[in-house]
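Asks: This is what each chain is made of:
There are 2 protein chains.
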Amino acid sequence: MKKGLMLVISGPAGSGKGTVNAHLFKTGDFVYSVSATTRAPRPAEVDGVNYHFISKEDFLSRIEHGDMLEYTEYCGNFYGTPLKEAEEVLASGKNLILEIEVEGAENVKKKYPDAVLVLLLPPSYAVQEQRLRGRGTETEEKITERLARAKEEIAHASSYDYVVYNYDGKDAEAAEQILAIVSAEKCSLARNTSVAEDYLKV
Amino acid sequence: MKKGLMLVISGPAGSGKGTVNAHLFKTGDFVYSVSATTRAPRPAEVDGVNYHFISKEDFLSRIEHGDMLEYTEYCGNFYGTPLKEAEEVLASGKNLILEIEVEGAENVKKKYPDAVLVLLLPPSYAVQEQRLRGRGTETEEKITERLARAKEEIAHASSYDYVVYNYDGKDAEAAEQILAIVSAEKCSLARNTSVAEDYLKV
Numbered sequence: 141m142k143k144g145l146m147l148v149i150s151g152p153a154g155s156g157k158g159t160v161n162a163h164l165f166k167t168g169d170f171v172y173s174v175s176a177t178t179r180a181p182r183p184a185e186v187d188g189v190n191y192h193f194i195s196k197e198d199f200l201s202r203i204e205h206g207d208m209l210e211y212t213e214y215c216g217n218f219y220g221t222p223l224k225e226a227e228e229v230l231a232s233g234k235n236l237i238l239e240i241e242v243e244g245a246e247n248v249k250k251k252y253p254d255a256v257l258v259l260l261l262p263p264s265y266a267v268q269e270q271r272l273r274g275r276g277t278e279t280e281e282k283i284t285e286r287l288a289r290a291k292e293e294i295a296h297a298s299s300y301d302y303v304v305y306n307y308d309g310k311d312a313e314a315a316e317q318i319l320a321i322v323s324a325e326k327c328s329l330a331r332n333t334s335v336a337e338d339y340l341k342v
Numbered sequence: 141m142k143k144g145l146m147l148v149i150s151g152p153a154g155s156g157k158g159t160v161n162a163h164l165f166k167t168g169d170f171v172y173s174v175s176a177t178t179r180a181p182r183p184a185e186v187d188g189v190n191y192h193f194i195s196k197e198d199f200l201s202r203i204e205h206g207d208m209l210e211y212t213e214y215c216g217n218f219y220g221t222p223l224k225e226a227e228e229v230l231a232s233g234k235n236l237i238l239e240i241e242v243e244g245a246e247n248v249k250k251k252y253p254d255a256v257l258v259l260l261l262p263p264s265y266a267v268q269e270q271r272l273r274g275r276g277t278e279t280e281e282k283i284t285e286r287l288a289r290a291k292e293e294i295a296h297a298s299s300y301d302y303v304v305y306n307y308d309g310k311d312a313e314a315a316e317q318i319l320a321i322v323s324a325e326k327c328s329l330a331r332n333t334s335v336a337e338d339y340l341k342v
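These protein sequence lines map, in sequence, to chains A and B. For the first sequence, the numbering used here begins at 141 and goes up steadily by one. For the second sequence, the numbering used here begins at 141 and goes up steadily by one.
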C-alpha cells in the first residue's frame, strides 16, 4: 500500500477554501484531518466533525506529550493537528488534507518535508475584500481584522510549494488544479527513489 | 505573455513515447523541438519535420558557436537541439517538448534548471523486451543493443524530475499524467516568485 500525501491547504478568509475542498472530498481519495481547538463551537459546528473541541488544559498536555503534529495560537485560542490521526490516514493510502494557517503550515513542512503546501488565494486582494463584505455576516471590525490577517499571510507565500487562484465561480477548476498537483507530486522522483531497481526487478 | 515550459521527455525504445507525445500535441499547447542530426534520414523521414538533417561539419560548427542547447553522440551520429528555435517557442508562451536521451537531458538541466525532466517508461523491463520483439522490424542485434541501452538509461532515473509509466493501451492516461505535471509546475512558487506583490497590487 502506497502512503498517502500530506496536503496542507491554507486559504485566507474569502478564498473559498471550503467549496474547493468539497470537490476534493468528492473524489474519495482525500480525508480531512479534524483539528483540535480550544475555541468554543459555533452554533452549527459538531464536535469530532468540524473540530475536536477540547479544553486548554487538555491541549497543552497534548503539546507536552508530542501528540500534536503542529499547533498555533490565533485570537487567543489554540488550533492543532492530532498526530496519531494524521499518521493513520497516511498509512491507509488516502491523502490527508490539513486546513491550517500559515504558521502551522510552516511548522508541518519543518517536521514533514514531504508535505505539500498549497496556498489557495482569491484572484486579488480587491476581490477578497469584496467577497468578505458581500457575505454580510460579519462586523466591520471582524472584516478589518481578517483583511489585515490576509495581508500578513500573503507575505509568507514563499513558504508554500504551490499557489492556486480561486476565480469567481471557478472553484471546480481550482480543485482540478490541486488534483493535478497531487498527481504530479506522486510521480516525482523525489517520492519514487527505487524506480530503477523496481523497473529491472520484473 | 507567460513563458512556456521546457519539457524534456526521455523514453527508451518501447516506451511508446511517440504515441504519448501525439496526445500532448493534440492539446495545441505544445511544440516539438525539431532536433538536428548527422545521421542519414530513414525512408519516411522528412527534413525539418522529423529532424534537421545536417552534415557533421555543420553540426560541429554549430557546437563551436554555442548554437546548440544540448547535443549528444549516439551510435556514431550527432543529435542536438538548436538553441534559437527553442528560445523562440518558449517566448511565444507554448511549451517546448525536447525528445532527447539521458545525457542530453542532464545537459539541458544543467544549462536550464527550469526545465522539467520526465522519464517515460514501459511498466517494466520485461514488458519493454516484449514490445521490442513484438515489433518484428529490427534485427536481434539491434534489439539487444537497444535493451542494453535501456538498462544504462534507467540507471540515470534519478536525474529526472518525474517518472511516468506507459501501461499497455494506456497512452492517453500517460499523457494526462504529463499534463498534470505541466499544470502543477506552472503554479509552483518556484516559478511564481512575485505572488504576494501581484496579489496586493490590484
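Misleading hints may appear alongside valid ones.
[What the hints assert, rightly or not] Lysine-lysine pairs mimicking DSS-like chemistry, simulated, CA-CA at most 27 Å apart:
{"#": "1", "chain 1": "A", "residue 1": "K142", "chain 2": "B", "residue 2": "K282"}
{"#": "2", "chain 1": "B", "residue 1": "K234", "chain 2": "B", "residue 2": "K196"}
{"#": "3", "chain 1": "B", "residue 1": "K250", "chain 2": "B", "residue 2": "K234"}
{"#": "4", "chain 1": "A", "residue 1": "K249", "chain 2": "A", "residue 2": "K341"}
{"#": "5", "chain 1": "B", "residue 1": "K142", "chain 2": "B", "residue 2": "K166"}
{"#": "6", "chain 1": "A", "residue 1": "K341", "chain 2": "B", "residue 2": "K224"}
{"#": "7", "chain 1": "A", "residue 1": "K341", "chain 2": "A", "residue 2": "K166"}
{"#": "8", "chain 1": "B", "residue 1": "K282", "chain 2": "A", "residue 2": "K326"}
{"#": "9", "chain 1": "B", "residue 1": "K341", "chain 2": "A", "residue 2": "K291"}
{"#": "10", "chain 1": "B", "residue 1": "K291", "chain 2": "B", "residue 2": "K326"}
{"#": "11", "chain 1": "A", "residue 1": "K291", "chain 2": "B", "residue 2": "K157"}
{"#": "12", "chain 1": "A", "residue 1": "K310", "chain 2": "A", "residue 2": "K142"}
{"#": "13", "chain 1": "B", "residue 1": "K326", "chain 2": "B", "residue 2": "K310"}
{"#": "14", "chain 1": "A", "residue 1": "K326", "chain 2": "B", "residue 2": "K250"}
{"#": "15", "chain 1": "B", "residue 1": "K234", "chain 2": "A", "residue 2": "K310"}
{"#": "16", "chain 1": "A", "residue 1": "K249", "chain 2": "B", "residue 2": "K310"}
{"#": "17", "chain 1": "B", "residue 1": "K341", "chain 2": "A", "residue 2": "K157"}
{"#": "18", "chain 1": "A", "residue 1": "K196", "chain 2": "A", "residue 2": "K251"}
{"#": "19", "chain 1": "A", "residue 1": "K291", "chain 2": "A", "residue 2": "K143"}
{"#": "20", "chain 1": "A", "residue 1": "K234", "chain 2": "B", "residue 2": "K310"}
{"#": "21", "chain 1": "B", "residue 1": "K157", "chain 2": "A", "residue 2": "K341"}
{"#": "22", "chain 1": "B", "residue 1": "K310", "chain 2": "A", "residue 2": "K143"}
{"#": "23", "chain 1": "A", "residue 1": "K310", "chain 2": "B", "residue 2": "K166"}
{"#": "24", "chain 1": "A", "residue 1": "K250", "chain 2": "A", "residue 2": "K143"}
{"#": "25", "chain 1": "A", "residue 1": "K157", "chain 2": "A", "residue 2": "K249"}
{"#": "26", "chain 1": "A", "residue 1": "K234", "chain 2": "A", "residue 2": "K196"}
{"#": "27", "chain 1": "B", "residue 1": "K157", "chain 2": "B", "residue 2": "K341"}
{"#": "28", "chain 1": "B", "residue 1": "K282", "chain 2": "A", "residue 2": "K157"}
{"#": "29", "chain 1": "A", "residue 1": "K326", "chain 2": "B", "residue 2": "K224"}
{"#": "30", "chain 1": "A", "residue 1": "K310", "chain 2": "B", "residue 2": "K224"}
{"#": "31", "chain 1": "B", "residue 1": "K157", "chain 2": "A", "residue 2": "K234"}
{"#": "32", "chain 1": "B", "residue 1": "K196", "chain 2": "A", "residue 2": "K326"}
{"#": "33", "chain 1": "B", "residue 1": "K341", "chain 2": "A", "residue 2": "K326"}
{"#": "34", "chain 1": "A", "residue 1": "K326", "chain 2": "A", "residue 2": "K143"}
{"#": "35", "chain 1": "B", "residue 1": "K157", "chain 2": "B", "residue 2": "K326"}
{"#": "36", "chain 1": "B", "residue 1": "K142", "chain 2": "A", "residue 2": "K291"}
{"#": "37", "chain 1": "A", "residue 1": "K291", "chain 2": "A", "residue 2": "K234"}
{"#": "38", "chain 1": "B", "residue 1": "K224", "chain 2": "B", "residue 2": "K234"}
It is worth saying that the hints were derived from the structure and are not from the lab.
Asks: Next, verify each hint and record whether it holds.
Replies: Here is what the structure says about each hint:
Our distance criterion of 27 Å between C-alpha atoms is broken by A/K142 and B/K282, whose separation comes to about 37 Å. Straight-line distance between C-alpha atoms of B/K234 and B/K196 comes to about 30 Å, which puts the hinted pair past the 27 Å bound. Proposed proximity of B/K250 and B/K234 is supported: the alpha carbons are some 22 Å apart, at most 27 Å. At most 27 Å may separate the alpha-carbon atoms for a hinted pair to count; A/K249 and A/K341 exceed this at roughly 34 Å.
Straight-line distance between C-alpha atoms of B/K142 and B/K166 comes to about 21 Å, which keeps the hinted pair within the 27 Å bound. Restraint check for A/K341 and B/K224: the C-alpha separation of about 42 Å exceeds 27 Å, so the hint is violated. In summary, the hint linking A/K341 to A/K166 is not supported, as the alpha carbons are separated by about 36 Å, beyond the 27 Å threshold. Of the pairs offered as hints, the one joining B/K282 and A/K326 is violated, with about 35 Å between alpha carbons and a cut-off of 27 Å exceeded.
For the hint linking B/K341 to A/K291, the alpha-carbon distance of about 12 Å falls within 27 Å, and the restraint holds. Restraint check: the Cα-Cα separation between B/K291 and B/K326 comes to about 32 Å, which exceeds 27 Å; the hinted pair is violated. Distance restraint check for A/K291 and B/K157: the Cα-Cα separation of roughly 46 Å exceeds the 27 Å cut-off, and the hinted pair is therefore not satisfied. The hinted pair formed by A/K310 and A/K142 fails the criterion: a straight-line CA distance of about 31 Å is larger than 27 Å.
Distance restraint check for B/K326 and B/K310: the Cα-Cα separation of roughly 25 Å lies within the 27 Å cut-off, and the hinted pair is therefore satisfied. The hinted pair formed by A/K326 and B/K250 meets the criterion: a straight-line CA distance of about 24 Å does not exceed 27 Å. Restraint check for B/K234 and A/K310: satisfied, since their Cα atoms lie roughly 24 Å apart, inside the 27 Å limit. Between the alpha carbons of A/K249 and B/K310 the distance comes to roughly 35 Å, so the proposed pair goes past 27 Å and is violated.
The hinted pair formed by B/K341 and A/K157 meets the criterion: a straight-line CA distance of about 22 Å does not exceed 27 Å. Restraint check: the Cα-Cα separation between A/K196 and A/K251 comes to about 23 Å, which is no more than 27 Å; the hinted pair holds. Straight-line distance between C-alpha atoms of A/K291 and A/K143 comes to about 35 Å, which puts the hinted pair past the 27 Å bound. Of the pairs offered as hints, the one joining A/K234 and B/K310 holds, with about 24 Å between alpha carbons and a cut-off of 27 Å not exceeded.
Of the supplied pair hints, the one linking B/K157 and A/K341 holds, its CA atoms being roughly 22 Å apart against a limit of 27 Å. Restraint check for B/K310 and A/K143: the C-alpha separation of about 24 Å stays at or below 27 Å, so the hint holds. For the hint linking A/K310 to B/K166, the alpha-carbon distance of about 25 Å falls within 27 Å, and the restraint holds. Proximity of A/K250 to A/K143 is assessed by CA-CA distance (about 19 Å); at most 27 Å being required, the pair is judged to hold.
Distance check on the hinted pair: A/K157 and A/K249 sit about 20 Å apart at the alpha-carbon level, within 27 Å; holds. Restraint check: the Cα-Cα separation between A/K234 and A/K196 comes to about 30 Å, which exceeds 27 Å; the hinted pair is violated. For a cut-off of 27 Å, the pair hint linking B/K157 to B/K341 is broken: about 43 Å separates their Cα positions. About 55 Å separates the Cα atoms of B/K282 and A/K157, which puts this hinted pair outside 27 Å; it is violated.
With a CA separation close to 34 Å, the supplied pair A/K326 and B/K224 exceeds the 27 Å bound. In summary, the hint linking A/K310 to B/K224 is not supported, as the alpha carbons are separated by about 38 Å, beyond the 27 Å threshold. Only pairs whose Cα atoms come within 27 Å are accepted, and B/K157 paired with A/K234 is rejected, the gap being roughly 31 Å. With a C-alpha separation of about 42 Å, the suggested pair B/K196 and A/K326 falls outside the 27 Å cut-off, and the hint is violated.
A hinted pair counts as satisfied when its Cα atoms are at most 27 Å apart, and B/K341 with A/K326 does not qualify at roughly 34 Å. Distance check on the hinted pair: A/K326 and A/K143 sit about 10 Å apart at the alpha-carbon level, within 27 Å; holds. Between B/K157 and B/K326 the alpha-carbon distance is near 23 Å, which keeps this suggested pair within the 27 Å criterion. Under the criterion of a C-alpha separation no larger than 27 Å, the hint pairing B/K142 with A/K291 is consistent with the structure, at around 26 Å.
Between the alpha carbons of A/K291 and A/K234 the distance comes to roughly 33 Å, so the proposed pair goes past 27 Å and is violated. With a CA separation close to 15 Å, the supplied pair B/K224 and B/K234 stays within the 27 Å bound.
In terms of the numbered hints stated before, the structure departs from hints 1, 2, 4, 6, 7, 8, 10, 11, 12, 16, 19, 26, 27, 28, 29, 30, 31, 32, 33, 37, listed from lowest to highest.
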